[in-house]
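**Student:** Spelled out from the first residue to the last, the chains are:
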Amino acid sequence: MKRTTKQLLVSFMTLLLVFVLAACGNNSEEGASTGEKESSKNETRIYKDEKGKEIEVPAEPKRVAMMAATYAGNLLDLGITPVAVNEYPKANKFYGNKLDKAEVVTADSYEKLLELDPDLIITYSDDKNIKKYEEIAPTVTMTYDKYDYMEQHVEIGKMVNKEKEAKSWVKEWKKKAADAREKVKSAIGEDKTFMVMEAYGKDMYVYGKNWGRGTEVIYQALELKAPKKLEEDVFGPGWKAISTEVIPTYAGDYIFVGSGAGNPDNSFMESDVWKELPAVKNGNAIKFDSESFYFNDPISLEKELDIIVEELTKKK
Amino acid sequence: MMNAHQIKRVRVTTITAILLLIAVFIISVATGFASLTPSELFRTIIGQGTPRENLILFEFRLPRIFVAILAGMGLAVSGAILQSITKNPLSDPGILGINAGAGLMVVVYIMFFTVETTSFLYVLPLFALFGGMVTAFVIYIMSYIKGEGVEPTRLVLVGVGLAAALYGATLTLSTRLDMEDYSFMANWMAGRIWGDDWTFVLSLLPWILLLIPYTMFKSNVLNTLNLHENVSVGVGVNVSRERISLIMISVALASASVAVSGGIAFVGLMAPHIARSLVGPRHQVFLPVAALIGGILLLAADTIGRVVLDPSGIPAGIIVTIIGAPYFMYLLAKK
Amino acid sequence: MFKTKTKLIKENKVYSRPAVGTVILLLGFALLLLSIVLAISVGAAKIQFLTVWNAVINYDPTREADRIIMSLRLPRELGAAIVGAAFAVSGAIMQGMTRNPLADPGLLGLNAGASLALACVFAFNTGANYLTVMILSFIGAGIGAMLVFGLGSMSRGGLTPIRITLAGAAVSALLSSLGEGIALYFKLSQDLAFWTAGGVSGTNWAQLKIIVPVVLVGIIVAVMFSRQLTILSFGEEVARGLGQRTLFTKIVLMTVVLILAGAAVSLVGAIAFVGLMVPHIVRFLVGTDYRWIIPCSAIFGSVLMVLADTFARTVNAPYETPVGAVVAMIGVPFFLYLARKGGRKLS
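Chains as they are written, first to last, in the numbering used here: chain P, 87 to 402; chain U, 21 to 355; chain L, 130 to 476.
Check the hints yourself; a few may be wrong.
Unchecked claim - BS3-like, lysine-lysine: derived pairs with alpha carbons at most 25 Å apart: (1) K295/P / K315/P; (2) K217/P / K137/P; (3) K232/P / K137/P; (4) K269/P / K257/P; (5) K250/P / K271/P; (6) K271/P / K295/P; (7) K184/P / K316/L; (8) K262/P / K179/P; (9) K295/P / K373/P; (10) K278/P / K361/P; (11) K361/P / K338/L; (12) K257/P / K314/P; (13) K316/L / K179/P; (14) K400/P / K271/P; (15) K373/P / K470/L; (16) K316/L / K354/U; (17) K379/L / K166/U; (18) K316/L / K107/U; (19) K316/L / K198/P; (20) K316/L / K326/P; (21) K367/P / K315/P; (22) K316/L / K176/P; (23) K187/P / K379/L.
To be verified - Not close to chain L: a few residues of chain P, all C-beta gaps over 12 Å, as computed: (24) D186; (25) K217; (26) P334; (27) W360.
Stated by the list, open to error - Here are some of the chain P residues that sit facing chain U, going by a computed Cβ distance under 7 Å: (28) T192; (29) Y196; (30) E197; (31) K198; (32) L202; (33) E220; (34) E221.
Derived from the structure by calculation, the hints contain no laboratory data. All C-beta atoms, glycine included, are put in the ideal place defined by N, C-alpha and C.
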């Protein structure tokens, strides 16, 4: 009897050792690739979230689980490859193979999350599983539309103790945006209007100035204008479902249209209503890949900026 | 009443069912994405586990397992009552529109109330319970005709129709939800055991502990009701009153179960059938067996659903339906 | 032979009212035209009544109103009309064949089968063209129907209405569960729901070119067999006694039902209750002779769908309310009424 217990203990210790070794292996690998120096797991600091709640988080989080769909790119840009993401960022072509090592974890597969042994979990403040996450690792949350896309990046920077890096990206981005702004202005002038839309199911969606899909680049970074009606109706709520019939009312001189998901045929593009829009007639309807443009993190934004500027300037 | 052979058969069946439930329980506890060896498992159970093991066992797996067992039992007994009372061996609480009504209330809740992380755990099951009970009540009223009472066939027909309609309404509302909420909703409807917290075990337990023994206590009434009406009247059972109170118990059991387990159909149909074919129609012996089988079925379905098709798994309700619907058809063809 | 037939018809109280039927048919047609014009003139973009007429007669693509009418609203309303006719006629045929007043493609597993096919299309072949979608919908509806009726006929004691309804419920549960499983696994559940909720919006001429001939042929075949259907609705023994080749008739009619239901689902997704309600209303008006019931059902099914779609479009504009919900709102009380009234006779 005693002997069995001993055997169990030994086997357990071996297992634990393997586990720890494996974890260390991972850590050092990542440390090497990002050029960060090792820090012990015990070191912590206090992160104050948007509601003023103080949470004890690792000083230098290494294994971050990103349960919010839209922030994975922010982490990548800060040099941290999340250990867990949900399925949406995996579909973003802008990330290339950067997320290949990140595991897909759906909202309620806690066990898988636990096995990935995260030291920090980041999610939206309305996630239904926060309680369970908190049992696995320190969990910090933020509300999606509380910050603009630059503040959002800085806030995530604070979460993972890379505020400086985040701020320097913002500075650089502002410079880059100003250059792009000049380029676009000289190519198409100042008075053009823009619309961003997507077909989903059998409805059309029009987006405001902070709802991903390139809107941050178009309306904020490039400071391009929206048609008046669009600005009045859509900028407030952020997005709006419209009938195909009223596309002309919201259409700008340029239309960015998502390839959309959830519709086997994009038949509205075959209709005369679409074909006769001034933007379409003038060749100013620009298609984008919805699954990638959905995001508004630095990596996606820079790619979006490149694509948008190229589309707007290539004619002249 | 029963000869020695029958008594033996009942005893063997009951013990086998208990052993089977324990076996499925152990398998379920031991399977999952995180590995937990039998020795680790044993150590955790006796309170010597690491924090990680404790978390896996006590916070992630056990609550969900208990919810699955309890809900399976509740649904099985609920189905057994319905089948006996309506004298229709094809009755299932799902047919009474309880799933559909509860589902509608779930979507209404998600739509109109902010899903605040802590309170929603407690309020949502109440909404679902309410939805299920109101629906059952409406179906009962709709199939009541003065002078004739509630005729079982009509009850089933009204239930099927109303369920179809409620399902349509749910679909309509759910297209207004955002991606995260919708996915929660769709999974709820498909019967993913979502109540994976001790709170849910505790909120379901009293219903099961009170109502199942009470039903067993009423076994003789159920035996008589299952016979012809005039016989029941002849032996002095107040038919309509007993029937109403038993239907209410059935509805309460099903609603409470569905409220924490999600929309699960066919357990209430299959479990009583299997039990009846094993130990015969006397409620004293067949109700406990039915409850056990219900627990086994739902737990097995959830365990399978949990481990196949990584990362999201398959909702238990879908697995139960894939097994249950053909079984139902077989019964229909055989009858 | 003729004598017996008359006698039988009298016994079964077939009453047909040709005069009423003709009037109803004409009135219904006028009503359909009127409701289509009405439907076209109301909507998110305001359009004058006269403009509608003008656009149809004298289409000028440079005018915005004309474009909206011709490329969005007219195809949409025609789509609604054709779908309504298809559901209503398939419901009428099923009610006659099964002698089940509660028969409806939505309740008998056809719609669930077609939806399962749709889920597969969404999951495995996003680039599928409409014809493929429609053919797969037929196959799906066919599987659903075969299961329900196979099951019903396998069982001892034959196809009682209650048994068919139960078989339909079980088959529907199975097929939609499989569909939901596929949809959840491929993260398509919401896409599918949105697609179904979208109803007839987004119908285009290319789709109409395929579906209109299919549905029209289906309805014409149904009308050609309507006399046999009337006889069949007395019961199989009676029909056989009158020398009808019941198996042949049943196969033809069932094929028509599958084609109609499959075509309708491929355009709008599963919508229940149209096929249930319309034949009942029509039967109340023109009697129990299917020679009148079928054409009248087609017309009134169209009217119902066009009006329901218009209501769905305008009640909460600019959002579109799913048309299936509007139909269910009218259909459920109707179903409950029928179940209450007919429950006794059904078992």
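**Student:** Determine for every hint whether it applies to the structure shown.
**Tutor:** Now for the hints, and whether the structure bears them out:
no.	hint	in the structure
1	K295/P / K315/P	holds (14 Å)
2	K217/P / K137/P	holds (17 Å)
3	K232/P / K137/P	holds (11 Å)
4	K269/P / K257/P	holds (19 Å)
5	K250/P / K271/P	violated (32 Å)
6	K271/P / K295/P	holds (19 Å)
7	K184/P / K316/L	holds (23 Å)
8	K262/P / K179/P	holds (22 Å)
9	K295/P / K373/P	holds (18 Å)
10	K278/P / K361/P	holds (20 Å)
11	K361/P / K338/L	holds (20 Å)
12	K257/P / K314/P	violated (30 Å)
13	K316/L / K179/P	holds (18 Å)
14	K400/P / K271/P	holds (13 Å)
15	K373/P / K470/L	violated (57 Å)
16	K316/L / K354/U	violated (38 Å)
17	K379/L / K166/U	violated (39 Å)
18	K316/L / K107/U	violated (41 Å)
19	K316/L / K198/P	holds (19 Å)
20	K316/L / K326/P	holds (23 Å)
21	K367/P / K315/P	holds (21 Å)
22	K316/L / K176/P	holds (13 Å)
23	K187/P / K379/L	violated (59 Å)
24	D186	holds (20 Å)
25	K217	holds (24 Å)
26	P334	violated (6 Å)
27	W360	violated (8 Å)
28	T192	holds (4 Å)
29	Y196	holds (5 Å)
30	E197	holds (4 Å)
31	K198	holds (4 Å)
32	L202	violated (10 Å)
33	E220	violated (10 Å)
34	E221	holds (6 Å)
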